[in-house]
Amino acid sequence: MSKMYTDAHRLVVQAFLARGVMDEKDVKSLVHTACERCGVPNVGERVDNFIHQINSQLHKMAMEIKKKREEEDGAQVYALVQTAEHQIGKIINNYSPKELELFKEIVSKVITSENGEVSSTDCLNLADALERRITKDEAQNAVKKFVEERWLRIDEEGQISLAARGIMELQMFLQEKYSDFIVTCYLCQDIVVKGQLCDGCGKVKLHNFCAQRLFQTRPNPKCPACEVNWSHDIPHLNGGPVEETSLVTMDPSQPSTSGRRKRGTRR
Amino acid sequence: MPRTANNRRNVSEDEDDEDYTEASQSSQARQAAANDAQIMERKVGELVQYFLIMEQNKIPIKRGDISRNVLKDYKSIFQEVLMKAKESLSNIFGFEMVEVEHSSAKTKTKMYFLLNKLDSELREDLVEISSENPKNALLWIVLAIIFMNESVISETQLWQALQKLGLPQDEKNHPVFGDLKRLITVEFPRQLYLECTRVPSTDPASFEFRWGERATAEVDKEKLLHMVTEIYGNNMTPQSWRTQYREVQLWRQEKGLADEPMEQDG
Amino acid sequence: MEDPGGDPNRRRQIRHEYRDLILQLSQQEGENAESLSKTLATADKLYEEVLKTKSAREAALDAAFLRTASTLTYQNAQKLIVDNKFEPKVFSEKLVTLLMGRRTEPNSRTQREVAIKKEAWSRFGKDVNSCFRRAPPFHFMLGSFDRGPPIKKVKNTSIPKKPEGQGPTVRPNEIKETNKSQQEVTSEEVERMLGILHQLVRGDDDPVSFFDFVVNPQSFSHTIENIFHMSFLVKDGHVKIELDDDGLPVIYRSKPFDPQEHRGEVPRKQLILSMDMEEWKEIVEVFEITEPLIPPRVTSPKKR
Numbered sequence: 000m001s002k003m004y005t006d007a008h009r010l011v012v013q014a015f016l017a018r019g020v021m022d023e024k025d026v027k028s029l030v031h032t033a034c035e036r037c038g039v040p041n042v043g044e045r046v047d048n049f050i051h052q053i054n055s056q057l058h059k060m061a062m063e064i065k066k067k068r069e070e071e072d073g074a075q076v077y078a079l080v081q082t083a084e085h086q087i088g089k090i091i092n093n094y095s096p097k098e099l100e101l102f103k104e105i106v107s108k109v110i111t112s113e114n115g116e117v118s119s120t121d122c123l124n125l126a127d128a129l130e131r132r133i134t135k136d137e138a139q140n141a142v143k144k145f146v147e148e149r150w151l152r153i154d155e156e157g158q159i160s161l162a163a164r165g166i167m168e169l170q171m172f173l174q175e176k177y178s179d180f181i182v183t184c185y186l187c188q189d190i191v192v193k194g195q196l197c198d199g200c201g202k203v204k205l206h207n208f209c210a211q212r213l214f215q216t217r218p219n220p221k222c223p224a225c226e227v228n229w230s231h232d233i234p235h236l237n238g239g240p241v242e243e244t245s246l247v248t249m250d251p252s253q254p255s256t257s258g259r260r261k262r263g264t265r266r
Numbered sequence: 000m001p002r003t004a005n006n007r008r009n010v011s012e013d014e015d016d017e018d019y020t021e022a023s024q025s026s027q028a029r030q031a032a033a034n035d036a037q038i039m040e041r042k043v044g045e046l047v048q049y050f051l052i053m054e055q056n057k058i059p060i061k062r063g064d065i066s067r068n069v070l071k072d073y074k075s076i077f078q079e080v081l082m083k084a085k086e087s088l089s090n091i092f093g094f095e096m097v098e099v100e101h102s103s104a105k106t107k108t109k110m111y112f113l114l115n116k117l118d119s120e121l122r123e124d125l126v127e128i129s130s131e132n133p134k135n136a137l138l139w140i141v142l143a144i145i146f147m148n149e150s151v152i153s154e155t156q157l158w159q160a161l162q163k164l165g166l167p168q169d170e171k172n173h174p175v176f177g178d179l180k181r182l183i184t185v186e187f188p189r190q191l192y193l194e195c196t197r198v199p200s201t202d203p204a205s206f207e208f209r210w211g212e213r214a215t216a217e218v219d220k221e222k223l224l225h226m227v228t229e230i231y232g233n234n235m236t237p238q239s240w241r242t243q244y245r246e247v248q249l250w251r252q253e254k255g256l257a258d259e260p261m262e263q264d265g
Numbered sequence: 000m001e002d003p004g005g006d007p008n009r010r011r012q013i014r015h016e017y018r019d020l021i022l023q024l025s026q027q028e029g030e031n032a033e034s035l036s037k038t039l040a041t042a043d044k045l046y047e048e049v050l051k052t053k054s055a056r057e058a059a060l061d062a063a064f065l066r067t068a069s070t071l072t073y074q075n076a077q078k079l080i081v082d083n084k085f086e087p088k089v090f091s092e093k094l095v096t097l098l099m100g101r102r103t104e105p106n107s108r109t110q111r112e113v114a115i116k117k118e119a120w121s122r123f124g125k126d127v128n129s130c131f132r133r134a135p136p137f138h139f140m141l142g143s144f145d146r147g148p149p150i151k152k153v154k155n156t157s158i159p160k161k162p163e164g165q166g167p168t169v170r171p172n173e174i175k176e177t178n179k180s181q182q183e184v185t186s187e188e189v190e191r192m193l194g195i196l197h198q199l200v201r202g203d204d205d206p207v208s209f210f211d212f213v214v215n216p217q218s219f220s221h222t223i224e225n226i227f228h229m230s231f232l233v234k235d236g237h238v239k240i241e242l243d244d245d246g247l248p249v250i251y252r253s254k255p256f257d258p259q260e261h262r263g264e265v266p267r268k269q270l271i272l273s274m275d276m277e278e279w280k281e282i283v284e285v286f287e288i289t290e291p292l293i294p295p296r297v298t299s300p301k302k303r
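Residue numbers (numbering that gives the first Met the number 0), protein chains in the order written: chain A, 0 to 266; chain B, 0 to 265; chain C, 0 to 303.
Just so you know, nobody snuck in bad clues.
Straight line, CA to CA, 20 Å or less: simulated EDC-like cross-link-like pairs of lysine to aspartate or glutamate:
#1 K103/A <-> E137/A
#2 K84/C <-> E149/B
#3 K116/C <-> E170/B
#4 K222/B <-> D126/C
#5 K71/B <-> E84/A
#6 K254/B <-> E98/B
#7 K202/A <-> D179/A
#8 K105/B <-> E207/B
#9 K97/A <-> D127/A
#10 K84/C <-> E221/B
#11 K135/A <-> E104/A
#12 K103/A <-> E84/A
#13 K44/C <-> E221/B
#14 K144/A <-> D22/A
#15 K44/C <-> E16/C
#16 K93/C <-> D126/C
#17 K88/C <-> E154/B
#18 K280/C <-> E224/C
#19 K44/C <-> D6/C
#20 K116/C <-> D178/B
#21 K59/A <-> E79/B
#22 K109/B <-> E95/B
#23 K134/B <-> E118/C
#24 K88/C <-> E207/B
#25 K221/A <-> D198/A
#26 K44/C <-> E259/B
#27 K151/C <-> E175/A
#28 K144/A <-> E155/A
#29 K144/A <-> E131/B
#30 K88/C <-> E149/B
#31 K51/C <-> E253/B
#32 K24/A <-> D124/B
#33 K108/A <-> E187/C
#34 K125/C <-> D124/B
#35 K27/A <-> D6/A
#36 K125/C <-> E131/B
#37 K107/B <-> D64/B
#38 K144/A <-> D154/A
#39 K152/C <-> D179/A
What the hints contain is simulated information worked out from the structure, not anything from laboratory work.
Next up, chain A with everything else stripped away, as it sits in the complex:
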């Protein structure tokens, strides 16, 4: 084990085990605190580098700390996810089999829906359609848990969608089971479930935050492929232009862009 891997790294891994998913600012503060407490030199802005060091160890365990933006508001989150589908997975879980079945059906509905979202009423109605029937109450509690643990998101109108953690962990499963439905964002090439689809060609789909980035300065936004006027509202997330960051991997073969992070946006 390299000398680079310290108790601070272990502390950060443990924190991820305990919490599952964390917002970017919490991750930064975690890493800094961990380094301080363990007498490790401060990493400053190179948090992703630190995370990458952890990932190089986690890799063999089929685990990884991934990073992604929430589709709803573009907020950057990190999550410790499973990367392989073990048999062990079915042996024990803090969710009951009934709850897991409900989750599976909700995911199915969300992925196959037009907008990448499903009303909570529809989700609760699923309770009756399950093989293992559950009551609406049980379903509601289960959905509440899923939202609390940030596998799913719910908005003010009660629409349920996949949260970043859910997408990060299930990505492989989604791409293989729902290959006909999975689309990648025209701009960032990452999977997009909830976003803006071009009305003209029906081929170009963008994350809300990618749409913002692409169109923010153009008065008459047009679809980059078919040139039809972009009919969707261009969002103003985080009160300003979206920063340039490395959106995807923290793979050592790709140059780390974290050092080049410029105007950070205040949330």
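Mind docking chains B and C on chain A? Use the hints.
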């Protein structure tokens, strides 16, 4: 793999795997398995995950569980996989894998669970699962009562004390803890935090509680005594409890802390 | 029993010192707090050594010393209560005071009055965490349920363009439709229609041609459905239908009736609209409707 009578797995008992595995797998297969680094790596990864996942409900893992659920066809490399998993758990996560031999009425079983190697001061506020806090509070109280009562307490006495905390023995729907009796007499013992034994020759049967193997491994006795004295107040110090203090000294000795300064009184 | 370690001479000396201490204690009555404290401290130090040597003899002497010390009664409000007898119930009382945050007479509390709140348990649990060396577990979703077969969708027209012919172009596909009641489907469609209308108009004064809105040039049945759904919107006040200057029906977005405003009965009007296939075709021609403003609901989702 030829089926032998030992293949039948009984969940409630554990068997000593060694005779079974080494005899029934050919040495060729064993060799192949051990040499296949890829399989080894995969199994180690799976075992590590198995440990991490099973910590969810804190029930220790039996050797048979590992064979059945993780190793499956590769039982012959058990020792090696276990060793490497232990290493990874320590190096990557900072966890110690503990092996205890648990004696129940009929059998002795090898069981495994995880401990945290990182000091509690390092982990403070960072590695916390707040949903577990209430149960931990209750567990701590029970352990403290047992410890202060010189390591053993009768069930009757324990419930009398808990009653005073608004936790009666017959409460099945406590708003915070649910079925209290089950928690104390089933769940905590299953997790090896408590040991519940029957007092011989008593009729009707009466029971005693002691610390279980997990508690013995996991709990910092010095900190516990320190907290108890804080709760008592009255300018008491840990030394005010002579016998218990001796016990802490003994514990420190065993843990190799004897040369480090003891905690100062608050 | 293993042989004790350590230097036998030193061990003999330790035993000697213990005996001295015991003698010291038993000889002095009314010994003051300070000297007892010293004696105890000395014994403590000796015991540390005893632990290292693991010798039974010295340990036995330590026990004897303790017994002697504890049979002497020394009252000291400060640190010198020699041997406290632990009372579980007393401990509980102390805990209740701590967790309930108020001082009441211990004996006055009955079991019923003790109701420690969850927050208090939680906070206490947080405080005692440092006594445990717990490992946090791993939580995950991937692999916790069976995948099931891959879900394919039947390739059909994406956003409808040139129709192949008349008749529905939508085919049901393999996805098991959840048992949606017709009612639920209707209300969904009604909502969807409203949503589309909202996107089309810039305000409550912006009219949309009724026919342009509801007619689907590719599907007569869908056109009828749209009219049906429209009726709900009108009924609930989300939409107004009026005749424009050319005598053609137009629809406006509106706000649903506010019960506060209309005390008493809200006037209800009934309008029956009929359209057969011939009329539908005519309207499509005359109004030059080429595409439906309301994309048809598809049982197999559109390609995105």
